[in-house]
Amino acid sequence: MSVLSRIAWRNVGRHRRRSIITSMAMGLGAALCITVISFADGLGVQMFETVVGRQIGHAQIHHPDYPRQRPIYETIPEAPSVLGALDDLPETVGVAPRAHGFALLAVGEEAAGAQLTGIDPEREGKVTALPESMVEGDFLDGTPGQIILGRGLADTLRANLGDEVVAVTQAADGSMGNELYEVKGIYRIGSAQMDRAGAFVSLDDIQSLLALDKELHEIALTARHRNELPALLEGIDRAISERNLLVRPWSEIDPVTAQMLEVMDAAMLIVLILIFSVASLGILNTMLMSVFERIRELGVLQALGLRPPKVLRLILWETLFLCLFAALGGGGLGILLAYLLETRGLDLSGFIEGASYAGMVLEPVMFGELRFDRVAVVIAFMFVISFIASIWPAIRAARLDPVAAMRQI
Amino acid sequence: MPIAEIRSLTKVYEQGRLSVRALQNVDLEIEPGEFTVLMGPSGSGKTTLLNLIGTLDRPTSGKILLEGRDVSGLSKSDRAKLRLTRLGFVFQAYNLLPVLSAYENAEFVLLLRGVPAVERRARVMKMLKEVGLEGMEDRRPNELSGGQQQRVAVARAIVGEPALVLADEPTANLDSKTAKELISTMRKLNEEHGLTFVFATHDPEVMARARRVIRLHDGEIAEDERR
Numbered sequence: 105m106s107v108l109s110r111i112a113w114r115n116v117g118r119h120r121r122r123s124i125i126t127s128m129a130m131g132l133g134a135a136l137c138i139t140v141i142s143f144a145d146g147l148g149v150q151m152f153e154t155v156v157g158r159q160i161g162h163a164q165i166h167h168p169d170y171p172r173q174r175p176i177y178e179t180i181p182e183a184p185s186v187l188g189a190l191d192d193l194p195e196t197v198g199v200a201p202r203a204h205g206f207a208l209l210a211v212g213e214e215a216a217g218a219q220l221t222g223i224d225p226e227r228e229g230k231v232t233a234l235p236e237s238m239v240e241g242d243f244l245d246g247t248p249g250q251i252i253l254g255r256g257l258a259d260t261l262r263a264n265l266g267d268e269v270v271a272v273t274q275a276a277d278g279s280m281g282n283e284l285y286e287v288k289g290i291y292r293i294g295s296a297q298m299d300r301a302g303a304f305v306s307l308d309d310i311q312s313l314l315a316l317d318k319e320l321h322e323i324a325l326t327a328r329h330r331n332e333l334p335a336l337l338e339g340i341d342r343a344i345s346e347r348n349l350l351v352r353p354w355s356e357i358d359p360v361t362a363q364m365l366e367v368m369d370a371a372m373l374i375v376l377i378l379i380f381s382v383a384s385l386g387i388l389n390t391m392l393m394s395v396f397e398r399i400r401e402l403g404v405l406q407a408l409g410l411r412p413p414k415v416l417r418l419i420l421w422e423t424l425f426l427c428l429f430a431a432l433g434g435g436g437l438g439i440l441l442a443y444l445l446e447t448r449g450l451d452l453s454g455f456i457e458g459a460s461y462a463g464m465v466l467e468p469v470m471f472g473e474l475r476f477d478r479v480a481v482v483i484a485f486m487f488v489i490s491f492i493a494s495i496w497p498a499i500r501a502a503r504l505d506p507v508a509a510m511r512q513i
Numbered sequence: 038m039p040i041a042e043i044r045s046l047t048k049v050y051e052q053g054r055l056s057v058r059a060l061q062n063v064d065l066e067i068e069p070g071e072f073t074v075l076m077g078p079s080g081s082g083k084t085t086l087l088n089l090i091g092t093l094d095r096p097t098s099g100k101i102l103l104e105g106r107d108v109s110g111l112s113k114s115d116r117a118k119l120r121l122t123r124l125g126f127v128f129q130a131y132n133l134l135p136v137l138s139a140y141e142n143a144e145f146v147l148l149l150r151g152v153p154a155v156e157r158r159a160r161v162m163k164m165l166k167e168v169g170l171e172g173m174e175d176r177r178p179n180e181l182s183g184g185q186q187q188r189v190a191v192a193r194a195i196v197g198e199p200a201l202v203l204a205d206e207p208t209a210n211l212d213s214k215t216a217k218e219l220i221s222t223m224r225k226l227n228e229e230h231g232l233t234f235v236f237a238t239h240d241p242e243v244m245a246r247a248r249r250v251i252r253l254h255d256g257e258i259a260e261d262e263r264r
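Those sequence lines, one after another, are chains Y and S.
Counting from 105, one number per residue, gives the positions in the first sequence under our numbering.
Counting from 38, one number per residue, gives the positions in the second sequence under our numbering.
Check each hint, because a few of them may be wrong.
[What the hints assert, rightly or not] Chain Y residues, not near chain S, derived (Cβ > 12 Å throughout):
1. Leu108
2. Trp113
3. Leu132
4. His167
5. Gln173
6. Leu265
7. Asp277
8. Ala301
9. Ala335
10. Glu366
11. Leu388
12. Val404
13. Leu452
14. Phe455
15. Ala480
16. Asp505
[Stated by the list, open to error] Here are the simulated PhoX-like pairs of lysine-lysine, each with C-alpha atoms no more than 25 Å apart in a straight line:
17. Y:Lys414 to S:Lys118
18. S:Lys163 to S:Lys225
19. Y:Lys414 to Y:Lys318
20. S:Lys163 to S:Lys217
21. S:Lys166 to S:Lys214
22. Y:Lys414 to S:Lys113
Treat the hints as calculated values from the structure; they're not laboratory data.
Built from N, CA and C at the ideal position, the CB exists for glycine as well.
The whole structure should be built from the sequences, with the hints applied where relevant.
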């Protein structure tokens, strides 16, 4: 331990109560930031998983004219060969073909309009977490004549497992298509729209209902990791660049969610700045008090030959020790709270039951996401703000005139 | 070569619209091994002169040469470095660092100079023994009497073997017996190690032991008596 750090360490211990209060203020600020950020990250993960993980996938391919009004006859040309080319891509873990239509569904006396999606159950499970979103019954197993309903739609139709559902729609060839399905399961994916008015059948069933032959409206793909999306897009471009198809990442398909996630990151930064700006006043106050109380002592140090830059360093050492305590205490507490939030969640069922946010149904128990990179950023931010707050007192100490300082009582 | 040479030294303090002339055209030489006392009434300029020799303050005009080097125009940082390596200080109020033990206070200057640990320990222990503080190394200043604290301050001032030790009223806060003992210790160090001391004091006991007495009056040297 250098002589400066030793003196600084003991100075911190000299006014134990003040040092503890200051460290606690910084530490609680850090713990609060870590917890709030964990909560927001959890919300972000939930949003991402709901939108991307359970519906969109990382990227989608359509006929260029399909997305605007979703006409059922704008299908992907030569879909089987496109699917084959994409299946060979090393950048993807799953390729899911889909066809969409709007249908009137009826169970007994009850009827409701629904967005009907045809999927390949096995392939879909590799792209989205739809199979894990079942709240009753089972996911489609490929057997013809099965349907799964969104929780809200099932409630509207008063449908139970095993009930027969009549689907009526206009097919691509202009004829009226109708079919009878059996309710295989009920899902909840967290999307207000898909849970209230969505239903899934097998791809063969919807192609038959809509007279689509083997045609598809959509191909959804998932990269090995969220961060590898650019590579996936490059791979898709490589595989089907000669075809006139529209390839879009999830952020273009659902720009609202993408912007929400970006805004949340910016909001976190603002929260971080606000909390630490307040807490840094504590450091500023402590270091100023500490300098004013020791003007004579600092004058003696300079008289004995301690050069101004070292006086500055002495004050910064003291700040460092206060920050280390704050980082240990506050970081520890923040990690603990974020861990509890991640593993046990926060039960808000009394406040947000059934509420939705940006089209996403909020889970009654909100889970956090403990990310150590976020913890590191919070702690680093705390150190930076604390050092900024200490610079002024440190400069004041370094600029003292030893003779005048030693005259102070 | 004199340790300190002072040429036409003038120090004027500006206090609002008033100018106070603390020193006026002072010429002085301090030779190695001197045990010199600056004396005079309050306001005569003795502490100002001591501070200027110690590079704690800057002159308004004139020159100060320490070991032949003009120090009047040095930067704050360079002056601090010079004090660390060539000067020792003993203050009236001891001015020990309250968070450090007697040993650590005495060691402080050597630590700043980067003296190796083994040598540091040997020098500090020897010096504390010389000033009569053997066995009290671990005590903090608040566990020592005034006389003992001033002995630590003396040990701190001389442990770095400075060219010149400047002592400003070192006995002012001590009772006469303790003051006498302290001066005896410093005189012994002067005689045995050839250390050069310059005091600013009113204390007759210090004056009685001095080999040179410089009387200041209204910022000028009124008398310079060698014994």
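Tested hints:
Listed as outside the interface, leucine 108 of chain Y is inconsistent with that label: its C-beta sits roughly 9 Å from the nearest C-beta of chain S, within the 12 Å cut-off. Once the 12 Å rule is applied to beta carbons, tryptophan 113 of chain Y is inconsistent with being away from chain S; the minimum gap is 9 Å. Consistency note on leucine 132 of chain Y: stated as away from chain S, and its beta-carbon is indeed over 12 Å from all of that chain's, at 27 Å minimum. No Cβ of chain S approaches the Cβ of histidine 167 of chain Y within 12 Å, the least distance being about 75 Å, so the stated non-interface status holds.
For glutamine 173 of chain Y, the non-interface assignment is confirmed: its Cβ lies about 76 Å from the closest Cβ of chain S, beyond the 12 Å cut-off. Against the 12 Å criterion, leucine 265 of chain Y stays outside the reach of chain S, whose nearest CB is about 76 Å from its own CB. No beta-carbon of chain S is positioned within 12 Å of the beta-carbon of aspartate 277 of chain Y; the least distance is around 91 Å. Every CB of chain S lies more than 12 Å from the CB of alanine 301 of chain Y, the least distance being 72 Å, so the non-interface label holds.
For alanine 335 of chain Y, the non-interface assignment is confirmed: its Cβ lies about 55 Å from the closest Cβ of chain S, beyond the 12 Å cut-off. Interface exclusion of glutamate 366 of chain Y from chain S stands, the closest Cβ pair being 49 Å apart, more than 12 Å. With a least beta-carbon separation of about 22 Å from chain S, leucine 388 of chain Y lies farther than 12 Å from that chain, consistent with its non-interface assignment. For valine 404 of chain Y, the requirement that its beta carbon stay farther than 12 Å from each beta carbon of chain S is not met, with the minimum near 4 Å.
At roughly 50 Å from the closest C-beta of chain S, the C-beta of leucine 452 of chain Y stays outside 12 Å, upholding its exclusion from the interface. The claim that phenylalanine 455 of chain Y is not at the interface with chain S holds, since no C-beta of that chain comes within 12 Å of its own (minimum 52 Å). With a cut of 12 Å on Cβ distances, alanine 480 of chain Y stays outside the contact zone with chain S, its closest approach being about 33 Å. Against chain S, the non-interface label of aspartate 505 of chain Y is violated: not every CB pair exceeds 12 Å, the least being about 8 Å.
Between the alpha carbons of lysine 414 of chain Y and lysine 118 of chain S the distance comes to roughly 11 Å, so the proposed pair stays at or under 25 Å and holds. Taking the CA atoms of lysine 163 of chain S and lysine 225 of chain S, the gap is about 14 Å. The hint holds against a cut of 25 Å. A C-alpha spacing of about 78 Å is found between lysine 414 of chain Y and lysine 318 of chain Y, which places the hinted pair above 25 Å, so the restraint is violated. Restraint check for lysine 163 of chain S and lysine 217 of chain S: satisfied, since their Cα atoms lie roughly 22 Å apart, inside the 25 Å limit.
Among the hinted pairs, lysine 166 of chain S with lysine 214 of chain S is consistent with the structure: their alpha-carbon atoms are about 20 Å apart, no more than 25 Å. Note on lysine 414 of chain Y and lysine 113 of chain S: the hinted pairing holds, with a Cα-Cα distance of about 13 Å set against a maximum of 25 Å.
In this structure, the hints that do not hold are numbers 1, 2, 12, 16 and 19, in rising order.
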